[in-house]
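Asks: Sequence:
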Amino acid sequence: MTTYVTFGQSHAHSIGGKTFDKDCVAVIPSETAKEGREKAFEIFGPKFCFEYFNRLPTMSYFPRGLIEI
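Position one of the sequence shown corresponds to residue 195 (this note's numbering), numbered consecutively onward.
All the pointers check out, no bait thrown in.
Below, a list of computed lysine to any residue pairs in the SDA-like style, where the Cα atoms sit at most 25 Å apart: (1) 212 to 239; (2) 216 to 250; (3) 241 to 259; (4) 241 to 252; (5) 228 to 196; (6) 216 to 258; (7) 233 to 213; (8) 212 to 225; (9) 241 to 263; (10) 233 to 262.
To be clear, the hints were calculated from the coordinates, so they are not data collected in a lab.
All values reported here derive from a predicted model rather than from experimental measurement.
Required output: the full structure, derived from the provided sequences and hints.
Replies: Quick look at the structure:
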């Protein structure tokens, strides 16, 4: 199962040589929605916008596509 995380205009992160920002969706493997949310906070702190469990957001808003953690 998977948690997808989106970011706001000022929420840019550089982790492991990957940039996560408003133009992409982070992909976090997780067994439950709660686990996915907890992992998102561990990785990004409070600087993300929304998380989606086992469903993608509207991808036309994210031109850089999916980026795995």
